[in-house]
Amino acid sequence: MPLDLINHRDLRNVLLNMSNGNGKTGKQIEQAGPTCRRKKVSGGDEFAQAIAKIAVAQVCESKGFQGFQQSALETMSDVTARYIMSIGKSVNSYANLAGRAECNIFDVIQGLEDMGYAQGFTGASDIDHWLEDSGVIREISQFVNEVEPVMFAHPIPPFPVVKERVLPPSFLQKGEEPPDDHIPAWLPAFPDPETFSQSATVNGRGTEPHATKVENDNSNGDRPLLNSQQQIVSSMFGNTAMNDPAVPKANTVAAESNPFLAAPLKFEDKEVASIAPPAKFFNNTVASDIPILENFVENEPISVLETFAPAIEAIKSTCSDSREDQTKFPVKEKPTVRFKVGTKNKFLGRSIGLIPQNEEHNKTLPWFAMEDEKDDRKRRAEKILRESLENPDQLVQL
Amino acid sequence: MNQNQQPQQTSSSEGRSSADDDSALSDFLSSLTDYTPTIPDELVQHYLAKSGFQCPDVRLTRLVAVATQKFVAEVAGDALQHCKARQASIPKDKRDRQQKDRRLVLTMEDLSKALREYGVNLRHQEYFADNPSTGMDPATRDE
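As you go down the protein sequences, you meet chains D and S in turn. For the first sequence, my numbering gives the first residue as 36, with consecutive numbering after it. For the second sequence, my numbering gives the first residue as 11, with consecutive numbering after it.
Only chain D is shown next, with the shape it has when bound in the complex (with noise of 0.2 Å):
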């Protein structure tokens, strides 16, 4: 829909509601739509985009316009922002050329008619003119007595607010002593230790990120997969927190918290627990046999996955059946796991529950009986390819 004569409650509605944030609230829908889609040069100027809007909608207006499309009055009025912002420039580059700060009246006509070379003016292929009888002056003088001034819409507050910074107060105003010679006392003063020492706890947002990130760790006892590092730091934190809360010590432990800086670790320094993986594969009932994979773990140089493929294979396939007979057991081991199982598993003399659920089965699954298994496969194949191979006609369907 074509947007109507600008209302210009509308668009006071638009000045009033600036503040709630990108003018996205008090627009009217057609408006709200490409502005939100509309990526922001210059953020922050939304108010005087606003205004120059309403502006360029009125000088339309009053030439015959009845009705703007969206995106031509946007842009109008942001080719008149640029228009200002250029004769700015260069008024104030003629008035450095004279060596000035300030603009003059003549910087302004000199501007004028730079902007004035793309359209023309009378006057302008003068080489050497007064510039009182510039061309560009004469036409503004003509529009000024041919057209009616009209008002703009809204009372304007002066813009942009400049709010009144509060500035931390110095050494000086607080009445402190800088703690050293090089600070001089004008200097805003530190600020108090409280604000950054550790009763972060308390609100849960130290100021120093480590030492915060060491405290939670500190009250979540529980984890056992604190790496000895961490172990370290946190009871080094946890002695000195309670000792000193002092604000070197504050420091210091922030420093101390970071596991980088921390010293390294001698040998016998940390009890590393040992890893038991196993547990974790095989029944309770079993766990007496840990101590021995564990020494076999250390001392052989074998891989995990060799070790426990056959365990792990065989809990897939098995520990659906409550009620698996021993001997179908290896029939439903699929035989092509073997990763040299068989070579290394001879040192292994205990069971190790291969079936979780019945007892039965516990003690008749040693490790080495994997192999007399595969053993039996291989016989029992062997059997029922000669069996096959003399009576064809009784084959076993397996």
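Just so you know, these hints were derived from the structure itself, not from any lab. Each residue gets a CB set at the ideal place from its N, CA and C atoms; glycine is no exception. A few of these clues could be false.
Claimed, not checked - Computed cross-link-like contacts, DSBU-like style, restricted to lysine-lysine with a CA-CA straight-line distance of at most 30 Å:
(1) D:LYS198 with D:LYS124
(2) D:LYS198 with S:LYS60
(3) S:LYS94 with S:LYS123
(4) S:LYS60 with S:LYS80
(5) S:LYS80 with D:LYS98
(6) D:LYS124 with S:LYS94
(7) S:LYS80 with S:LYS94
(8) S:LYS123 with D:LYS98
(9) D:LYS124 with D:LYS98
(10) S:LYS123 with S:LYS80
(11) S:LYS60 with D:LYS124
(12) D:LYS198 with D:LYS209
(13) S:LYS80 with D:LYS124
(14) D:LYS198 with S:LYS123
What the hints assert, rightly or not - Just the calculated beta-carbon pair ranges, DEER-fashion:
(15) S:GLY87 with D:PHE194: 23 to 33 Å
(16) S:ASP147 with D:TYR152: 54 to 64 Å
(17) S:LYS94 with D:PRO192: 49 to 59 Å
(18) D:GLN208 with S:SER41: 21 to 31 Å
(19) D:ASP161 with S:LYS94: 34 to 44 Å
(20) S:ASN131 with D:MET186: 30 to 40 Å
(21) D:SER128 with S:GLY87: 29 to 39 Å
(22) S:VAL68 with D:GLN154: 41 to 51 Å
(23) D:PRO192 with S:ASP147: 35 to 45 Å
(24) D:GLY158 with S:ASP147: 38 to 48 Å
Got chain D; can you put chain S on it based on the hints?
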């Protein structure tokens, strides 16, 4: 900032005295105080300050405001000419055109044609195809 300062000229306009020129200019500037430009002073001051223009004199700000208003008015006038020319050339029946087509809407098309003469190159979308009335003349679109 001396407004009576004169450039040293020997060639043209020897018959005139500088006082006349000065008075003409100062008359003009004083007439500016009577004329309130449509573009408000605060807006012009904001954009001028953004670009480095520093002047406590309000009359100079008014001068820039009037110059800008003249620019906008010229562009709008050119766009109006284009709009009217387009309306005159559309082969539609007279009944429609006289009744409701008299409304003049500033469109991107007219604006881009008008601004091209001022050195501003404007490119715009030809159409947005999200509704059936896409591509029709925007002034006649029935929405």
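Now for the hints, and whether the structure bears them out:
no., hint, in the structure
1, D:LYS198 with D:LYS124, "26 Å, holds"
2, D:LYS198 with S:LYS60, "18 Å, holds"
3, S:LYS94 with S:LYS123, "13 Å, holds"
4, S:LYS60 with S:LYS80, "21 Å, holds"
5, S:LYS80 with D:LYS98, "11 Å, holds"
6, D:LYS124 with S:LYS94, "36 Å, violated"
7, S:LYS80 with S:LYS94, "21 Å, holds"
8, S:LYS123 with D:LYS98, "17 Å, holds"
9, D:LYS124 with D:LYS98, "29 Å, holds"
10, S:LYS123 with S:LYS80, "18 Å, holds"
11, S:LYS60 with D:LYS124, "9 Å, holds"
12, D:LYS198 with D:LYS209, "24 Å, holds"
13, S:LYS80 with D:LYS124, "19 Å, holds"
14, D:LYS198 with S:LYS123, "43 Å, violated"
15, S:GLY87 with D:PHE194: 23 to 33 Å, "30 Å, holds"
16, S:ASP147 with D:TYR152: 54 to 64 Å, "36 Å, violated"
17, S:LYS94 with D:PRO192: 49 to 59 Å, "39 Å, violated"
18, D:GLN208 with S:SER41: 21 to 31 Å, "53 Å, violated"
19, D:ASP161 with S:LYS94: 34 to 44 Å, "36 Å, holds"
20, S:ASN131 with D:MET186: 30 to 40 Å, "33 Å, holds"
21, D:SER128 with S:GLY87: 29 to 39 Å, "30 Å, holds"
22, S:VAL68 with D:GLN154: 41 to 51 Å, "27 Å, violated"
23, D:PRO192 with S:ASP147: 35 to 45 Å, "41 Å, holds"
24, D:GLY158 with S:ASP147: 38 to 48 Å, "42 Å, holds"
Violation of the numbered hints given earlier is confined to hints 6, 14, 16, 17, 18, 22; the remaining hints are satisfied by the structure.
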